[in-house]
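*Asks:* Given next are the chains, with one letter for each unit.
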Amino acid sequence: MTRRKTITSLKNFPLFFSPAIILIVFFVAYPVLQTVYISFFSPTEEFVGLGNYFDVLSRKEILNVEGFPKWPPLGALIHNLLWILIHLPLSMFSGLVLAVILRDVKGASIVKSAIFLGMVTPLIVGGIILRFTFERGVGIVNAFFNVLGVEQLARTWTAYPETALFALIFGSVWLWTGFSMIIYSAGLATIPKEYYEAAKIDGATPFRTFFRITFPLLKPMTITVVTMTILWELKIFDIVFVATRGGPGWASTVLAYQMWLYAFRDLNFNNAAAVATFLTFLTLFVTIGMIRYMVRR
Amino acid sequence: MRFPKLGRVTLYILLIFFIFAFLLPLWTCITTSFKTLKGVIDTTPVEPPLGPLFRLPYPTMEPLITAFNIMKRSLLNSFTFTVAAMILSCLLGSINGYILTKITFKGSNTVFLFFTIGIFIPYQAVLVPLVLTMSKLGLYNHLGGLILTHTAYGIPITTLLFRNFYGLIPNSLIMAAKTDGAGTWTIYRRIVLPLSLPPFVVAAVFQFTSIWNDFLFGVVLTRGQNQPASVVLANLKGTTTVMWNLLMGGTLWYALPVLVIYLVLGKYLMRGYMAGAVKG
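Those sequence lines, one after another, are chains A and B.
Note that the working numbering gives residue 87 to position 87 of the first sequence, counting from 1, and the numbers run on in steps of one.
Note that the working numbering gives residue 259 to position 259 of the second sequence, counting from 1, and the numbers run on in steps of one.
Among the hints, erroneous ones may be present.
To be verified - Short, incomplete list of chain B residues facing chain A, as computed with Cβ under 8 Å:
1) Leu11
2) Thr28
3) Leu92
4) Ile95
5) Ile99
6) Ile103
7) Phe105
8) Phe120
9) Ile121
10) Leu148
11) Thr184
12) Leu216
13) Met270
No lab work stands behind these hints, which were simulated from the structure alone.
It should be emphasised that the depicted structure is a prediction, and the values quoted were computed from it without experimental measurement.
By construction, the Cβ of each residue, glycine as well, lies at the ideal position given by its N, Cα and C atoms.
Using the sequences and the accompanying hints, generate a full structural model.
*Replies:* Now the structure itself:
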């Protein structure tokens, strides 16, 4: 970002930007501003301030914490939060462990390709496979429980309010582990071998070496993985749409899916805009945190 | 890190287990799409579609054929707008990257920020106004609408990729051409573009997969005949019970192009992810 490049001033260069600028203005910038704008108005185009936001936050499908702690449905906002609390550490650490193990193992690229497949898989396909995996009678999870002889655990996990959300969260670790793995792999490749030789001479145990040398040096990668993973978890939509439609009831709904329901099922554009703006605010908050860290460096 | 001998054996067993565990979903997808509905219920998804003692009552091509017939139109739609938007977003990203790295001008950082901000905007933030804009342009339920949308949302990442790459092209090369009297466009076409194969491959592979995999824009901007494969697949369920073999057949058809690209050019795809994330 701080790279200074100098050169030639060539003529009429703004002309070259214009197609990209026109596209972004029309299809990105203007719609975002329009969404923010209508989030402050009622369907009859009266200015209501934060009215839509209060309205949305008071709804059970967005925030339902009465009698907390309890099982889902807890509302989309809490569901997204649970997604971050469970999915982020799981996918991040499994990716980190894999990257460290695979650093100097023969045939590492084969393992990496198999694991990264989850990142390439369309999320719609991921959702279908998750649903299938947890389905009673046909899915692999239940085939596994049957083999173990715990048949009472063999059930359609996505069909019960207590387990639907968690089935999707745990299942989606499979899709995203590849990301943290390749980012950490790239980071590990930048650590000079001498550091480890020095640590060895000093008689440091592998654990000590990892926590004193490797992990601190991977901090930029950790920041990247945490940021991008949180963004992914905030935008979760396809998986929920295809695996459970947010159900049963509201038990596995998330903000992005709820926004879609408000807009395209209820045709309540103002409430939808409030959810969308709120979501954008959350992602910007996370992003700005990352950019500030990058610039400080 | 050196592992002791016994540790190494355990390690390899563990890694092979990992490969199996991560490939299992794809495997169950393949086996299921070759089974009859009875086969799906009688066998576990891990088993190949061979009946008890290989008397072969279960294997069938029917789910794959039926799924293809349902999805062929949408697969063609997806292919059309994906390739078009891929090419457009790569070209625009390349031009942006060139201007941003090779020309000094006031506010170039602002322009760059403007181009890349789209990476972080959740698509939900644009959906409703986007549908209205497309209707006004007559592009609602039209592949052109999807092409423009995917091109616009591809610009951030392609600009980033090309900017990183063009930063490595020596400025003296551009200077020399300028002294010879070449203009902005000529320099791009004669010098920059011929050097750009590597970033074009990375950007194209990355764009193809992400546009092909998209569901949200497709479901919001199109209906019926013009829907992309992702949307048709999401609606591909039986009326009362889910026909898992048909659904898995459709899944295979839909995932096929991306799987092929991943097998052939997976290395470049990973590079795209890393460039987008590490240098962001």
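*Asks:* Any hints this thing doesn't respect? Which numbers, in order?
*Replies:* Hint check: nothing fails, all pass.
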